[in-house]
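Novice: When you line the sequence shown up against the UniProt record's numbering, it's residues 1 to 500, in that order.
Source of the hints: derived by calculation from the structure; they are not laboratory data. Among the hints, a few may not be true.
What the hints assert, rightly or not - Computed cross-link-like contacts, BS3-like style, restricted to lysine-lysine with a CA-CA straight-line distance of at most 27 Å:
1. K436 / K386
2. K235 / K245
3. K443 / K413
4. K199 / K129
5. K436 / K309
6. K337 / K438
7. K221 / K188
8. K354 / K308
9. K342 / K386
10. K245 / K279
11. K322 / K386
12. K337 / K354
13. K145 / K249
14. K413 / K337
15. K438 / K463
16. K354 / K443
17. K245 / K116
18. K188 / K199
19. K199 / K463
20. K116 / K235
21. K438 / K342
22. K436 / K412
23. K337 / K463
24. K354 / K438
25. K279 / K246
26. K116 / K322
27. K412 / K395
28. K395 / K438
29. K443 / K395
30. K463 / K443
31. K412 / K463
32. K436 / K308
33. K116 / K188
34. K342 / K235
35. K235 / K145
36. K116 / K145
37. K279 / K235
Unchecked claim - Computed spacing ranges between beta-carbons, pair by pair:
38. S300 / D185: 34 to 40 Å
39. K412 / D231: 53 to 59 Å
40. F81 / P304: 44 to 50 Å
Every residue gets a Cβ at the ideal spot worked out from N, C-alpha and C, and that includes glycine.
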Amino acid sequence: MSNDHHHLEDFFGEPKEPLRNSIKNGNSLAQRLRLLPKVLSVRERYLIGALLAVIIVSVVALPFTIYRHFTTALPADGGSFSEGLVGQPRHINPLLAQTNDPDRDISALVYSGLLKYNSSGQLVPDLAKSYDISADGLNYTIYLKANATWSDGQAVTTDDVIYTIQTAQNADYLSPLRVNWQSVDMQKIDDTTLILKLKTRYAQFLNSLTIGILPAHIWSKIQPINFATADYNLKPIGSGPYVFKKLQKDTTGRIQTYELVVNENYYDTRAHINSITIKFYDNEDAMISAYNNNDIQDLSYVSPNNLKKLKFGNRLNIQEIKLPRYFGVFFNEDQGKLFANKNIRIALNYATDKQTIIDDILAGNGTAIYSPLIENVLDVGQDIDKYTYDADHAKQILAADGWLADSTGTLKKRDQVLAIRLTTPTFPELVSVAAKLKEQWAKIGVMVTINTLPSAQLQQVIKERSYEALLFGEILNPDPDPFSLWHSSQTRDPGLNLAI
Numbered sequence: 001m002s003n004d005h006h007h008l009e010d011f012f013g014e015p016k017e018p019l020r021n022s023i024k025n026g027n028s029l030a031q032r033l034r035l036l037p038k039v040l041s042v043r044e045r046y047l048i049g050a051l052l053a054v055i056i057v058s059v060v061a062l063p064f065t066i067y068r069h070f071t072t073a074l075p076a077d078g079g080s081f082s083e084g085l086v087g088q089p090r091h092i093n094p095l096l097a098q099t100n101d102p103d104r105d106i107s108a109l110v111y112s113g114l115l116k117y118n119s120s121g122q123l124v125p126d127l128a129k130s131y132d133i134s135a136d137g138l139n140y141t142i143y144l145k146a147n148a149t150w151s152d153g154q155a156v157t158t159d160d161v162i163y164t165i166q167t168a169q170n171a172d173y174l175s176p177l178r179v180n181w182q183s184v185d186m187q188k189i190d191d192t193t194l195i196l197k198l199k200t201r202y203a204q205f206l207n208s209l210t211i212g213i214l215p216a217h218i219w220s221k222i223q224p225i226n227f228a229t230a231d232y233n234l235k236p237i238g239s240g241p242y243v244f245k246k247l248q249k250d251t252t253g254r255i256q257t258y259e260l261v262v263n264e265n266y267y268d269t270r271a272h273i274n275s276i277t278i279k280f281y282d283n284e285d286a287m288i289s290a291y292n293n294n295d296i297q298d299l300s301y302v303s304p305n306n307l308k309k310l311k312f313g314n315r316l317n318i319q320e321i322k323l324p325r326y327f328g329v330f331f332n333e334d335q336g337k338l339f340a341n342k343n344i345r346i347a348l349n350y351a352t353d354k355q356t357i358i359d360d361i362l363a364g365n366g367t368a369i370y371s372p373l374i375e376n377v378l379d380v381g382q383d384i385d386k387y388t389y390d391a392d393h394a395k396q397i398l399a400a401d402g403w404l405a406d407s408t409g410t411l412k413k414r415d416q417v418l419a420i421r422l423t424t425p426t427f428p429e430l431v432s433v434a435a436k437l438k439e440q441w442a443k444i445g446v447m448v449t450i451n452t453l454p455s456a457q458l459q460q461v462i463k464e465r466s467y468e469a470l471l472f473g474e475i476l477n478p479d480p481d482p483f484s485l486w487h488s489s490q491t492r493d494p495g496l497n498l499a500i
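Generate the whole structure from the sequences, applying the supplied hints.
Specialist: This is the structure in structure tokens:
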């Protein structure tokens, strides 16, 4: 071996020819492998070293690659969750919940409908196992899931579906959903099968089947006069993924917290979170303060101008969702005779700077529209007149119609003053929009008085159509149908056409 050392340099040195010959003539494999590094060139050693490194890394990474490729991350079951909402729950009842956000949000967790929208916006069976539609589009046969139960253990049957629809149809119960069910008859086949019969074809009828179903064995004992005040409106018996556990009130009777727990007997996939606690606040500022102080883990809708008040940290993920809804001013010619004059309506359109309203009040988070048939929501043509902001043109239209400004700048026509009473809910952003409209319309000489009303009082005003001009919003279904919102036959309660 001394000769070997005599002929070798260090590991990265150049090999000597005699050593190559000794490897060639050697009989032992172990000896050949031991001597191999000593006869390789520098380049050969680097190549083999790199190859060995790649092999080692590949072998180490292979199990992780296989694990990631053949497994899927799934959410764990358990834990609790807290969320903040602005307002108070009053009617956690699918027939009454449409006009109050806390009611609507909680009802969606406690109750379930025959159908539901999945995360892709597609209608899929919920309480229904399946359904058939007759060739003429008039009969819908519904087959219920046999394993669906109420949170008190009773089975969900077609009696519950029939009771819910009949209650929605009955004007004595004052459901805002009545218009959706006026022309529907029901035929029970058995406890899990029924037929819904329409008098005329209605393409969007399947959307109506997302209404939450009420338990007949509970609600049928309650008279219409007590329907809106029954205890079950706050302590519901439902069939949804969560069940009511408890609520807590303060000394004034206001609900502070509302707790739901997972429905262990739910007929579909079990919800992952074991319990949800909802806390209620009088306004957004109070809700945001609670979030910033870690009193709640999540919070509902926050107006764009208030986003800057949130302490984001690493625990908040803001989801911006464009909803199929719009806000506008609805004129009532029966109450405000001025609005029968088309020139006044056109002038007010030109006098409305929609983009300024969006920028100043919504922090740019909105889109100016010029028709209730919203582009990309309803598949209709958009070849319509667009009244873009032009206050001078608005003045010219009114002047040509005989409206002249007095010494104060207010427009008059003979002895009649161009004045409008604008009604709107107490929702902060709509109150701000009303103030902005008053400011913009004053520039063309129109006097505006703002009338803000709480939700319950406003509902009565809308029902009676006792407003001149109404600043309000309308929400379209995922599969929208403008019939109930704009058809001339829907201008009286329970119809939803607010422009009369």
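Novice: If a hint holds in the structure, say so; if it does not, say that too.
Specialist: Hints, verified against the model:
Distance check on the hinted pair: K436 and K386 sit about 20 Å apart at the alpha-carbon level, within 27 Å; holds. At most 27 Å may separate the alpha-carbon atoms for a hinted pair to count; K235 and K245 meet this at roughly 8 Å. In summary, the hint linking K443 to K413 is supported, as the alpha carbons are separated by about 17 Å, within the 27 Å threshold. Between K199 and K129 the alpha-carbon distance is near 25 Å, which keeps this suggested pair within the 27 Å criterion.
As the CA atoms of K436 and K309 are separated by approximately 23 Å, the hinted pair is consistent with the 27 Å bound. Annotation: proposed proximity of K337 to K438 holds, straight-line Cα distance about 19 Å (limit 27 Å). For the suggested pair K221 and K188, the alpha carbons sit about 21 Å apart, so the restraint of at most 27 Å is met. Taken as a hint, the K354 and K308 pair is honoured in the structure, with Cα atoms around 23 Å apart against an allowance of 27 Å.
Between the alpha carbons of K342 and K386 the distance comes to roughly 15 Å, so the proposed pair stays at or under 27 Å and holds. A hinted pair counts as satisfied when its Cα atoms are at most 27 Å apart, and K245 with K279 qualifies at roughly 14 Å. Restraint check: the Cα-Cα separation between K322 and K386 comes to about 22 Å, which is no more than 27 Å; the hinted pair holds. A C-alpha spacing of about 25 Å is found between K337 and K354, which places the hinted pair at or below 27 Å, so the restraint holds.
At most 27 Å may separate the alpha-carbon atoms for a hinted pair to count; K145 and K249 exceed this at roughly 37 Å. Proximity of K413 to K337 is assessed by CA-CA distance (about 14 Å); at most 27 Å being required, the pair is judged to hold. At most 27 Å may separate the alpha-carbon atoms for a hinted pair to count; K438 and K463 meet this at roughly 25 Å. At most 27 Å may separate the alpha-carbon atoms for a hinted pair to count; K354 and K443 meet this at roughly 15 Å.
A hinted pair counts as satisfied when its Cα atoms are at most 27 Å apart, and K245 with K116 qualifies at roughly 24 Å. Between K188 and K199, the direct Cα distance comes to roughly 17 Å. Compliance with the 27 Å bound is thereby established for this hinted pair. For a cut-off of 27 Å, the pair hint linking K199 to K463 stands: about 26 Å separates their Cα positions. About 23 Å separates the Cα atoms of K116 and K235, which keeps this hinted pair within 27 Å; it holds.
Taken as a hint, the K438 and K342 pair is honoured in the structure, with Cα atoms around 20 Å apart against an allowance of 27 Å. Under the criterion of a C-alpha separation no larger than 27 Å, the hint pairing K436 with K412 is consistent with the structure, at around 22 Å. The straight-line distance between the Cα atoms of K337 and K463 is roughly 19 Å, inside the 27 Å bound, and the hint therefore holds. With a CA separation close to 13 Å, the supplied pair K354 and K438 stays within the 27 Å bound.
Of the supplied pair hints, the one linking K279 and K246 holds, its CA atoms being roughly 12 Å apart against a limit of 27 Å. Straight-line distance between C-alpha atoms of K116 and K322 comes to about 20 Å, which keeps the hinted pair within the 27 Å bound. With a C-alpha separation of about 12 Å, the suggested pairing of K412 with K395 holds against the 27 Å cut-off. As the CA atoms of K395 and K438 are separated by approximately 16 Å, the hinted pair is consistent with the 27 Å bound.
Of the supplied pair hints, the one linking K443 and K395 holds, its CA atoms being roughly 9 Å apart against a limit of 27 Å. At roughly 32 Å between alpha-carbon atoms, K463 and K443 are farther apart than 27 Å, so this suggested pair is violated. A distance of roughly 32 Å separates the Cα atoms of K412 and K463; the hinted pair therefore is violated under the 27 Å criterion. As the CA atoms of K436 and K308 are separated by approximately 22 Å, the hinted pair is consistent with the 27 Å bound.
Among the hinted pairs, K116 with K188 is consistent with the structure: their alpha-carbon atoms are about 22 Å apart, no more than 27 Å. With a C-alpha separation of about 50 Å, the suggested pair K342 and K235 falls outside the 27 Å cut-off, and the hint is violated. At roughly 25 Å between alpha-carbon atoms, K235 and K145 fall within 27 Å of each other, so this suggested pair holds. Taken as a hint, the K116 and K145 pair is honoured in the structure, with Cα atoms around 14 Å apart against an allowance of 27 Å.
The hinted pair formed by K279 and K235 meets the criterion: a straight-line CA distance of about 16 Å does not exceed 27 Å. One distance hint, 34 to 40 Å for the beta-carbon pair S300 and D185, holds here, with the actual separation near 38 Å. Evaluation of the 53 to 59 Å hint for K412 and D231 yields a pass: the beta carbon distance comes to about 56 Å. For F81 and P304, the hinted distance range of 44 to 50 Å is not satisfied, since their beta carbons lie about 25 Å from each other.
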